[in-house]
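In order, the protein sequences belong to chains S and V. Letter 225 of the first sequence, counting from 1, is numbered 225 in this note's numbering, and no numbers are missing. Letter 33 of the second sequence, counting from 1, is numbered 33 in this note's numbering, and no numbers are missing.
Just to be clear, a hint being listed does not mean it is correct.
Residues from chain V shown here face chain S by an in silico Cβ test under 8 Å; the list is partial [unchecked claim]:
(1) Ser185
(2) Lys264
(3) Tyr271
(4) Gln273
(5) Val275
(6) Gly278
Below are the BS3-like pairs computed for lysine-lysine, each with C-alpha atoms no more than 27 Å apart in a straight line [said to hold, decoys possible]:
(7) S:Lys195 x S:Lys89
(8) S:Lys195 x V:Lys64
(9) V:Lys249 x S:Lys195
Because the hints were derived from the structure by calculation, they are not lab data. Beta carbons: idealized from backbone N, C-alpha and C, even for Gly.
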Amino acid sequence: MQPLLEVKNLKVTYDSASGPVQAVRDVSLQLQRGEVLALVGESGSGKSALTKSVMRLLPPSAAVEGEVLLNGTDVLHMPERHLRELRGKAMSMIFQDPLEVLNPVLTVRRQIAEAVRLHDPQADTEQRVRELLRLVEIADVERCAASLPHQLSGGMRQRVVLAIALAAQPQLLIADEPTTSLDVTVQAQILDLLKSLQERLNMATLLISHDLSVVARLADRVAVMYAGKIVEIGTAEEIFYQPAHPYTWALLRSLPGFSADEEELYALPGIPPTLIDPPAGDAFAPRNEYALAIDYEQMPPFFRLSETHFAATWLQDARAPRITPPLQRRCGE
Amino acid sequence: MSEALLSIRDVHYTHRLSGGVSVPALRGVSLELQPGEIVGIVGESGCGKSTLARAVMGLLAPQKGEICYNGINVHHPQNMAEKRCLQQQRQMIFQNAALSLDPHFSVEEIICEPLRLAQLAPQQGSYREEAAYWLQQVGLDALFLSRRPQQLSGGQAQRVAIARALAARPRLLVADEPIAALDVSLQAQIVNLLRRLQREQGFGMLFIAHDLAMVRHLCHRVAVIYQGRLVEIAPTAELFRAPRHGYTKALLSAMPLPDPRQEKQRQPQYYEQPVSDGGVWHQASPQHYWLAEDGEVGE
Ligand SMILES: Nc1ncnc2c1ncn2[C@@H]1O[C@H](COP(=O)(O)OP(=O)(O)OP(=O)(O)O)[C@@H](O)[C@H]1O
Ligand SMILES: Nc1ncnc2c1ncn2[C@@H]1O[C@H](COP(=O)(O)OP(=O)(O)O)[C@@H](O)[C@H]1O
Ligand SMILES: [Mg+2]
Ligand SMILES: [Mg+2]
């Protein structure tokens with residue numbers, strides 16, 4: 001089956017005063033319809049640069065190489081005039097804080113109607129607005145439509161933002177930290193809503209989140225990024241229960257235990273590479289307590305651990321020593 | 001009891017918008033912060049946490065109520081000395097740090113600005129070295145000194161804002177969701193840093209956050225805000241062990257798990273009751289207070 005989204009050997013380089021910044025270094029991935037892929041990983045590792053390339057939202061100071069195919073159509077070389085269509089119909093983006101997206105002095109009805117009209121000037125907007133509000137499982141549609149954003153709870157507001165994002169019936173939803181500003185009671189509901197919408201509408205979702213419990217709840221597959229590269233990719237269960245890359249171990253180790261009263265939380269030592277002139281070998285080597293000599297010289301290839309699970313670490317090489325992952329609390333136990 | 005570092009008394013704030021729209025954000029919040037104390041503030045999105053933070057910094061003036069820092073009314077300092085004291089000793093990390101950084105300045109200038117304003121000498125030799133030192137503390141290479149905010153990732157901008165606030169050596173730090181935009185290893189690094197500096201320097205901190213596990217790890221007391229009202233406040237361990245208010249209970253029951261099998265099945269409680277302007281405060285233990293609606297029986 002042709003994937004909905006296919007990224008092939010993507011490279012993004014920003015121009016900066018101190019030299020070119022290699023924000024994305026040869027990333028490839030595929031996303032099927034009906035699937036949620038989460039991008040997690042280091043701050044500054046290129047997650048936003050990757051999604052901005054897919055949306056064609058990079059600033060002029062960025063150079064892009066590689067391929068981005070949506071339904072087999074080349075996105076990177078699409079003429080400007082098709083971009084509005086692409087961003088509206090093919091993909092839609094939701095952001096962190098619903099209050100920043102919504103206009104505080106316009107009713108919900110007007111804001112959704114505007115989105116509907118933008119994508120389909122012929123539509124019966126009144127009816128579409130009601131449909132969309134029902135779609136995001138708002139019980140009292142009329143009251144919600146007549147409200148101003150602040151008259152709604154945080155969760156309701158995020159539903160309204162979703163309704164706006166869905167106005168154009170996108171095939172791909174890009175959610176960059178969609179629930180960071182929600183409290184945990186509401187967060188779970190919004191995530192479940194996202195999940196059910198995505199199944200009903202047969203959309204695909206690219207989720208960026210630092211919150212590993214959000215990822216655990218929503219993602220079918222997870223890609224872990226470090227220094228402009230995907231270092232491990234697999235199903236959610238593979239990444240959480242059988243992580244294979246030392247950077248993934250470090251992430252899982254940094255979570256505060258829920259009952260443990262540890263003094264100091266585990267954090268990776270050292271600081272990440274700047275991506276200006278990244279090292280020849282594995283960029284993670286200097287911070288990796290399990291680094292092998294070869295890590296400093298040669299970039300590890302992807303080792304295949306299962307049909308769906310790949311990790312770029314020399315530890316998976318047949319000649320490497322066997323290491324027990326340093327996880328105090330194994331997930332799922 | 002020693003004199004409070006920060007005292008917030010019955011603060012009301014309503015955002016007034018064009019077209020006569022008014023948005024009540026704080027409806028009578030009172031809270032005290034002792035020197036050297038970290039109080040966590042939790043609550044749903046839009047409940048008024050950021051509004052409270054901005055009021056404490058004097059960035060918006062409550063229509064009713066009073067906020068004092070070290071006995072100085074933050075909205076009406078009496079003289080230049082008080083004004084300077086407010087400016088030098090309080091720092092804030094904004095929720096959307098990327099937007100709070102001036103795009104015309106380099107990272108170095110941004111970090112050193114509060115120090116220069118306060119005419120504080122750099123502790124690391126030069127201002128540049130001072131900025132580099134703080135960058136390193138938040139996990140950024142010195143190469144970032146010459147970058148501008150728009151050339152940073154979300155988490156990098158967030159860390160520059162943290163570096164700027166800490167470099168100014170505050171006595172009161174107001175941190176509005178300072179770590180939500182960071183990867184978990186960096187979250188741990190920043191929380192360790194805040195905790196260490198707080199112990200060394202003894203500053204007080206309001207720590208606004210959604211991540212209950214981090215709040216539990218870092219804070220001495222936790223205040224729960226719901227629909228613009230403080231509904232419960234208690235020492236951290238006590239709040240997590242014996243929450244009283246319905247919203248707090250729902251919140252704690254909803255603590256998410258970084259585990260796909262468990263998390264995909266978990267059904268959190270949800271709390272939706274409105275909170276009135278009335279209500280009665282109950283004391284559950286010496287430092288543990290919660291707000292009950294009129295007629296609701298205290299357990
Ligand atoms: N306009 C720019 N000019 C130069 N470098 C940039 C620019 N924008 C981003 N970068 C750099 O590109 C790299 C990747 O940035 P990106 O925004 O994709 O990170 P991210 O993975 O989304 O991180 P975060 O989790 O912190 O948001 C970072 O090292 C960042 O400093
Ligand atoms: N600049 C503003 N203009 C209008 N309303 C605002 C503004 N900032 C916040 N509000 C409103 O005030 C209430 C509290 O918001 P805020 O303090 O940002 O909440 P929190 O930080 O807890 O998410 C919300 O209803 C919000 O819509
Ligand atoms: Mg980003
Ligand atoms: Mg806020």
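- What are the numbers of the hints the structure violates, in ascending order? 4, 5, 6 and 8
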